[in-house]
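J.: In case you want the letters, here they are:
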Amino acid sequence: QKEVEQNSGPLSVPEGAIASLNCTYSDRVSQSFFWYRQYSGKSPELIMSIYSNGDKEDGRFTAQLNKASQYVSLLIRDSQPSDSATYLCAVNMGTNTGNQFYFGTGTSLTVIP
Amino acid sequence: DTGVSQDPRHKITKRGQNVTFRCDPISEHNRLYWYRQTLGQGPEFLTYFQNEAQLEKSRLLSDRFSAERPKGSFSTLEIQRTEQGDSAMYLCASSLAGGPYFGPGTRLLVL
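Protein sequence lines, in the order shown, are assigned to chains A and B.
Numbered according to this note's numbering, the first sequence spans residues 34 to 146.
Numbered according to this note's numbering, the second sequence spans residues 28 to 138.
Among the hints, a few may not be true.
Here are the computed lysine to aspartate or glutamate pairs in the EDC-like style, where the Cα-Cα straight-line distance is at most 20 Å [said to hold, decoys possible]:
| # | chain 1 | residue 1 | chain 2 | residue 2 |
| --- | --- | --- | --- | --- |
| 1 | B | 98 | B | 79 |
| 2 | B | 84 | A | 36 |
| 3 | A | 75 | B | 34 |
| 4 | B | 98 | B | 34 |
| 5 | B | 38 | B | 55 |
| 6 | A | 100 | A | 36 |
| 7 | A | 75 | B | 113 |
| 8 | A | 75 | A | 116 |
| 9 | B | 84 | B | 95 |
| 10 | B | 38 | B | 113 |
| 11 | A | 89 | A | 111 |
| 12 | B | 84 | B | 113 |
| 13 | B | 98 | B | 113 |
| 14 | A | 75 | B | 51 |
| 15 | A | 75 | B | 71 |
These are computed hints drawn from the structure, not numbers from a lab.
Just so we're clear, the structure is a prediction, and the values are computed from it rather than from any experiment.
All chains, full assembly: derive it from the sequences and hints.
T.: Printed below as a string of structure tokens:
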């Protein structure tokens, strides 16, 4: 079983719509969760972190965490063509793995003008 | 630019040769990570340093890979006797706490 799973997509949304990206993880003791954006040919860029159950908003981005369901999501409101990228979910899984961050394979998002 | 830097950005080598990559983390960051990424995959953990101590190393990492971080500043990743399967983007990242910040990566092609 993969530690972090994401729907690889591709996900297409029209400009101005809400894009919803989902991620599930296997380790119940996971403590911290992150979303990265990766443009083609570039390295991942940290865009959101979330540590507690509930929602965390930062501009057009909202991260949602549900530890009971082992589920984390990213909502992008008012999607723009510049949001077209691959979004990676990363999880820091518990103390027995020290400081390893496990990444999903990413969801490819295309925002259609 | 005060972000993570990596050198070289691109490396082409022949199978069997040794290669070394350098990473300079964000100056105040004590944690440094090396990851490898291939097309269509997420970054795969290779190793982690806290200051100069190498605290974790992936079980998937063969003995051909070695990393150092002398004096807790820059880090080097060496791959000995390269194989075609080593072709990938090698990413360095650093953090003080929380999620790591990635450098631009070194793209390795083994012919």
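J.: Hint by hint, note whether the structure agrees.
T.: Here is what the structure says about each hint:
Restraint check for residue 98 of chain B and residue 79 of chain B: the C-alpha separation of about 6 Å stays at or below 20 Å, so the hint holds. For the suggested pair residue 84 of chain B and residue 36 of chain A, the alpha carbons sit about 17 Å apart, so the restraint of at most 20 Å is met. At roughly 15 Å between alpha-carbon atoms, residue 75 of chain A and residue 34 of chain B fall within 20 Å of each other, so this suggested pair holds. The straight-line distance between the Cα atoms of residue 98 of chain B and residue 34 of chain B is roughly 19 Å, inside the 20 Å bound, and the hint therefore holds.
Of the pairs offered as hints, the one joining residue 38 of chain B and residue 55 of chain B is violated, with about 28 Å between alpha carbons and a cut-off of 20 Å exceeded. Between residue 100 of chain A and residue 36 of chain A the alpha-carbon distance is near 14 Å, which keeps this suggested pair within the 20 Å criterion. For a cut-off of 20 Å, the pair hint linking residue 75 of chain A to residue 113 of chain B stands: about 19 Å separates their Cα positions. Among the hinted pairs, residue 75 of chain A with residue 116 of chain A is consistent with the structure: their alpha-carbon atoms are about 14 Å apart, no more than 20 Å.
The suggested pairing of residue 84 of chain B with residue 95 of chain B holds, with an alpha-carbon distance near 12 Å, which does not exceed 20 Å. Simply put, residue 38 of chain B and residue 113 of chain B have alpha-carbon atoms about 12 Å apart, close enough for the 20 Å limit, and the pair holds. Note on residue 89 of chain A and residue 111 of chain A: the hinted pairing holds, with a Cα-Cα distance of about 17 Å set against a maximum of 20 Å. Using a Cα cut-off of 20 Å, the hinted pair residue 84 of chain B and residue 113 of chain B holds, with the two alpha carbons roughly 17 Å apart.
Straight-line distance between C-alpha atoms of residue 98 of chain B and residue 113 of chain B comes to about 28 Å, which puts the hinted pair past the 20 Å bound. For the proposed pair residue 75 of chain A and residue 51 of chain B, the alpha carbon gap of about 18 Å is at most 20 Å, so the pair holds. Taken as a hint, the residue 75 of chain A and residue 71 of chain B pair is honoured in the structure, with Cα atoms around 16 Å apart against an allowance of 20 Å.
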